[in-house]
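Q: Here's the letter readout for the chains.
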Amino acid sequence: MANRRNSKVVSSSTRALVRAWQVRRALFLVVPYFFLLLWLFTGGVHMDVRPGELYEVPSEPAWEKPNAEHWFGTTGEGADLFDLSRHAMATSVAVAVVSVALGIGLALLFTALYVFDPGKKRFQLLYMMSRGGYIVPSMVVLVILAGASGGSLGVAIFGLILVIAFHLSPVLANWFQEGESGFDVTAGYVLGLSRREIVLHRVFPKVLRRLPGVFASLVPPVVLIEMALSFLGLTGDRLSCGAMIAYGQAMIIEAPWMAISPGIMASGVVLILSLLGWRVSAALQIGPLPRIF
Amino acid sequence: MARLILQRLLVSLIRFGGAILVLLVLVEFAYCVLGGSGNHVWLYDSYGPVPPELTSRPVNWAGLFFDRLAATLPVAGLAFGGILLIGYSWGVMGARLRRFHLARILSAPFSAFACIPGFWFVVLVAIYSYFSWQRPGFANDLIVEDGPNLLAWWHAAVIALPAMALGAAWQIREVSGVLEREVALPYVKGLHLAGYSDEDIFYGNAFRRAVPLLISVSDRTLSSVVGSLICLEYAFRFPGSGALLVESVKLQSYAGIFVSALSLSLIVSVGVLLRDWILKLVQPE
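Each protein sequence line maps, in turn, to chains A and B.
Sequence positions in the first sequence follow the numbering used here and run 1 to 293.
Sequence positions in the second sequence follow the numbering used here and run 1 to 285.
Some clues are possibly wrong.
Stated by the list, open to error - Listed next, the in silico DMTMM-like pairs over lysine to aspartate or glutamate satisfying Cα-Cα at most 25 Å (straight line):
#1 K250/B x E53/A
#2 K250/B x E56/A
#3 K250/B x E28/B
#4 K206/A x E180/B
#5 K65/A x D83/A
#6 K65/A x E53/A
#7 K250/B x D237/A
#8 K65/A x E180/A
#9 K121/A x D276/B
#10 K65/A x E77/A
#11 K250/B x D67/B
#12 K250/B x D45/B
#13 K120/A x E178/A
#14 K8/A x D184/A
#15 K206/A x D117/A
What the hints assert, rightly or not - Some chain A residues close to chain B (C-beta under 8 Å, calculated; not the full set):
#16 F82
#17 S138
#18 G147
#19 I252
What the hints assert, rightly or not - Where chain B lies over chain A, by a calculated footprint (3+ residues, C-beta under 8 Å):
#20 34-42
#21 90-103
#22 123-137
#23 200-208
#24 263-270
#25 284-293
Honestly, the hints are just simulated from the structure, not real lab data.
Every residue gets a Cβ at the ideal spot worked out from N, C-alpha and C, and that includes glycine.
Okay, chain B solo, but in the shape it has when bound:
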């Protein structure tokens, strides 16, 4: 088991190294080939100290990386946690009641919500907050200095909600689809003929057999969710890694771009690694 876990870790590290390489090539191509800049990624002068526009307190790049990652993690956790919770519970329910097309009905509200531009939604929340609650609505307007910082969780939830809607509908349909394909296999008909009850066939056989497949689709929305945070954080003026990427791109700060892009890639990479480990625990062969 330890060998399998270390093997997946090595694969994950190699992929992350590949992502770093891709980002280096991308920045070089984008800025030097398309943008005509003379600052190449391999030149030391291209990376300076942290510009004051990117931080409110004196900090180095490593500090900024951890600050922004710490702000983004709760948002990503809320969004992705919500997707898994809703996607799996409602997806299983949808597959169980497939004759009523329940998966489609359950995913419809999320699909409809995903049609609303997420950045517009967070701006609307800010407008509503201003007019109805008489307080500034954007994330950088108020800072809690004493007591539990519940406001930070409110801000995280506002950003996580549209990001979650994007993935939840997809996850419900995918989970339901995996189970429906499993239930359509010939052995299920055999179990029916042998006198097993519907419930026993679904939960005791089909679901149990589909567990590895269900785990394998658990991380499919992670990359898009993390990507959507870039625009949502910037729109809500939330000081996370996504907003840092946009600010760094506008300031042409290579170090800022790498710090933010790598922290976003790290979140996806860790998610994929956890999925791989759980899959290996469930199905070692």
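Next up, chain A with everything else stripped away, as it sits in the complex:
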């Protein structure tokens, strides 16, 4: 009689297809993300644009109000504000993506230090630190870190990673605890599986499945925070919508669009990212996240 058992390749690819079908709604959202990022990151602006130089007003300014050719108007040197704002948002989104990804990774690493401990109060220290740290607002930490380093973007990213990891660790700890109360985990213990096997093969996948939703939900607020820091002048002389609005304030009377236009672009991009993040988190059923910022 022929052996009818599937090969490992067939069974693993079937499992992968089934999982992909289970998260098809989240996967479908990759398409709008792709188009948004493609639009943001394909611009003709050079990377070394400094807002300080860009917003300098020449003796005979060549700026234009928003019109059919330049939707967002132009700067004193005649540079198109739409392209500049798009380039600025690309930088902000890149900073947010890196910070959130590393922040989630650090939170996972930090929580994993406690997960293998079988004690019931293993996350107690984590919860206690979270409750204590809550009274120092995240923005205070970020402003002090970014400001003290003399406006270094690297330090701002470092601060964002720390803050995200700090506030996300108790959430992940809760999810690990929820995951351990499932029927499959009890069955695993009854069958004699070790704690390590249960945590790695039963609980971890449940937590990991939710992380793309966490990522999608956290990117929009982090984009806003990055812009806020650059508005305060704490991330160096680098093109960002926050810095553009800050420099544009000086020309409120002569050219108000210099402060208004970057904000429109920022609001639009953050709104789209928020809508996508909401759909991804709903598709992956991550539940409510704490307000970090």
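Dock chain B against the given chain A, drawing on the hints supplied.
A: Okay, now just chain B, sitting in the frame of chain A:
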């Protein structure tokens, strides 16, 4: 009861002490390790008198602390009061009409407003104020010398509005979520079978049982609201604790940083303490 209240007060004081320690370590790490400064936080010389850039009148650090805290409190009160008012009333309504997904619909305008950078919004208000009302729009442009200072409340409201939008959407969804989880419990089905009306089950049973949980989520937005004031106050040139933090960081004034950061932490700390006390009054065990 007095024991419980004092116990929470002690916990709150310990947490505030922890916050002071965290700030000391943070400033030392940020300025001396990352920034390469030689002024350590434990050196007396690192703290001088109040720099003239931080105040318009001669005042010591304690005076500056109270001045800035007095300016920030109405803003924080307006923002957080608005969040509680809107979050609870609309959240309960959303849970009551959950079949129409009302919580999502009610929180959507606030979520959309929260996507607008708050600092940009206050700058827009200043621009609009200049062009439409023919008056300087930022908070430090006009000072009321006689009569009731209604302008100060206008300024506070302009800053509080974006700060409130950040938290209101979250609070509506959280309150609604707590009540929806309560309504999904098996005893509710039992009450339905026993012939209780929808309204009676929701307000008389589910809501009453969820009150401790609803109180426990009341302070969750406070830290983010207070944090958002830092950028909003600075953008609107409002002389509050948030703006003081940014100015002090730029001037490398340790005392200014501690004064502002501690006043912001104090607001959060008092909010958490009040939440704890109310929770203990409602549910002493």
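Q: For each hint, tell me whether it holds in the structure or not.
A: Hints versus structure:
{"no.": "1", "hint": "K250/B x E53/A", "result": "21 Å, holds"}
{"no.": "2", "hint": "K250/B x E56/A", "result": "22 Å, holds"}
{"no.": "3", "hint": "K250/B x E28/B", "result": "16 Å, holds"}
{"no.": "4", "hint": "K206/A x E180/B", "result": "24 Å, holds"}
{"no.": "5", "hint": "K65/A x D83/A", "result": "15 Å, holds"}
{"no.": "6", "hint": "K65/A x E53/A", "result": "20 Å, holds"}
{"no.": "7", "hint": "K250/B x D237/A", "result": "15 Å, holds"}
{"no.": "8", "hint": "K65/A x E180/A", "result": "60 Å, violated"}
{"no.": "9", "hint": "K121/A x D276/B", "result": "22 Å, holds"}
{"no.": "10", "hint": "K65/A x E77/A", "result": "13 Å, holds"}
{"no.": "11", "hint": "K250/B x D67/B", "result": "20 Å, holds"}
{"no.": "12", "hint": "K250/B x D45/B", "result": "18 Å, holds"}
{"no.": "13", "hint": "K120/A x E178/A", "result": "13 Å, holds"}
{"no.": "14", "hint": "K8/A x D184/A", "result": "23 Å, holds"}
{"no.": "15", "hint": "K206/A x D117/A", "result": "18 Å, holds"}
{"no.": "16", "hint": "F82", "result": "16 Å, violated"}
{"no.": "17", "hint": "S138", "result": "6 Å, holds"}
{"no.": "18", "hint": "G147", "result": "3 Å, holds"}
{"no.": "19", "hint": "I252", "result": "5 Å, holds"}
{"no.": "20", "hint": "34-42", "result": "violated (count 0)"}
{"no.": "21", "hint": "90-103", "result": "violated (count 0)"}
{"no.": "22", "hint": "123-137", "result": "holds (count 7)"}
{"no.": "23", "hint": "200-208", "result": "violated (count 0)"}
{"no.": "24", "hint": "263-270", "result": "holds (count 4)"}
{"no.": "25", "hint": "284-293", "result": "holds (count 5)"}
The structure shown violates the earlier hints numbered 8, 16, 20, 21, 23.
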